[in-house]
Structure formats: structure tokens, C-alpha cells
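Count along the sequence shown from 1, then add 1; that gives the number in the numbering used here.
By construction, these hints were calculated from the structure, which means they are not laboratory data.
Keep in mind the model is a prediction, meaning the values are calculated, not measured.
Any given hint could turn out to be false.
Below, in silico cross-link-like pairs of lysine to aspartate or glutamate (EDC-like), each with a Cα-Cα straight-line distance of 16 Å or less [said to hold, decoys possible]:
(1) K115 / D63
(2) K115 / E82
(3) K140 / E82
(4) K140 / E193
(5) K115 / E53
(6) K115 / E208
(7) K140 / D210
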Amino acid sequence: MEEPEVTTQHSTVEDWTRALAESTGSPGGGAGTGVMLAVAASLTSMVAGYTEPAADQQQAVDGIRDRARDLRGRALQLADEDATASQAFGAAFRLEKGTERDEAIRHASVDAAKASAVLGARAIDAIEDLAWLAHGGNKALVADVVVAFGALRAAVAGARTNVSFDLGSLRSTGASLDQIREQHPELWASVERLSGALERIDALMEEIDSRAAPTDSI
């Protein structure tokens, strides 16, 4: 009997992580990036739900929670889309060397980079909502905010690295990095944006670390 397809949207955590542990490449690190984004979104929603703001800030908190709930589901969908792109990427590199293989690698590499770039863009959009909760959210949940930042950082770092790696894979078809940058300027720029997002997250985490982990101050 054929095994059911394992997806982030419809499988248990046990089944999905077991599939991730196999040497198949799908799901792989890109799909894991989507799961980390879903974790960050879930924690953001939880903290927003526990936050009781002043009346003039209720709309802001409601907006944060609504966006986080939407992002949780979208992130899992993006994780599955990345897994599909990863399959095509691996298949292209298994072809016999030649024109057909080069063309397959070009398409698969760009598609994989685009999938990771979309995921990374959604992760960047989530930063400021979590930043708001770091200072305006329920203070008893500051540790959960730090965990959310950690998951979000993993998502951003994963997206950045995957976009960069996928673009770099185009060198196997004979293209130089300068040529790749000229041919795919938006994807190239997304790597720079994601690098900047990592710096922003690190700065935000440093701002609240003394509250989240007070024992380190002694």
C-alpha cells in the first residue's frame, strides 16, 4: 500500500519530523524554514491573545493577532511549496550532464530561490509585530517573545541562505556571480534585505534579553 504524502499542513509533527530526518531532501531545510516561521507566528498570536492593552491600543493588538494567525497557515503552505521546489531542484542535478541538465538546473534553481524569497518576505513582515509585543505585550510572556524571535530568526536565516545557495547553484551552468546578479536582481536584493532583517532581530532580542533571562545579569 502506498504511503500517504507527508506535508506540513496535514501531517502530525511526529510524521513530518520523521520524514525530515530521512535523506530524501523533501522535506528539507527550506520546508523547515517555513515551519519555524509558523512557530514564530503561533507564539506571536498567543502573546497577543494574552495581552490586555489600553483601549487606544486594542486595535493594534487585534491586528497583530489576526496577521499572526493568517501567517501561521500561510507559512505551512509555503513550507510545502518549498518542499515541492526542492524535489525539482534535486531531480535537475541528477540528470546526465548536458544542455538539458543545464536548462533544468536554471529553472529549478530560480524556482527554488523564488519560493524561499517569498517565505523570507513574509518573515520580514512579521518582525515589527513581534517588536511591538516585546515592549507592549504581556510582560509575563517576555520569554515566549524571545522564543518567537528565535524561531523568526531561524526562518529569516534559512530563507536568506537558501536564496543565496540556489542562486549560486546557477554557476554549475556556466554563469558567473556577476551574471547571476544582473539576470536576477530582485532575488539578489532579497538576500541583502534578509541579511538586514537578521541584524534587526538581533538588536530587538538584545533589548529584551535582560528581562527574559535575568540570571545572566549576576
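Now the hints, each set against the structure:
For the hint linking K115 to D63, the alpha-carbon distance of about 31 Å lies beyond 16 Å, and the restraint is violated. Between K115 and E82 the CA atoms are separated by roughly 11 Å; this keeps the pair inside 16 Å, and the hint holds. With a C-alpha separation of about 36 Å, the suggested pair K140 and E82 falls outside the 16 Å cut-off, and the hint is violated. This hinted pair does not check out: K140 and E193 have alpha carbons roughly 33 Å apart, beyond 16 Å.
Simply put, K115 and E53 have alpha-carbon atoms about 39 Å apart, too far for the 16 Å limit, and the pair is violated. A C-alpha spacing of about 33 Å is found between K115 and E208, which places the hinted pair above 16 Å, so the restraint is violated. For the proposed pair K140 and D210, the alpha carbon gap of about 13 Å is at most 16 Å, so the pair holds.
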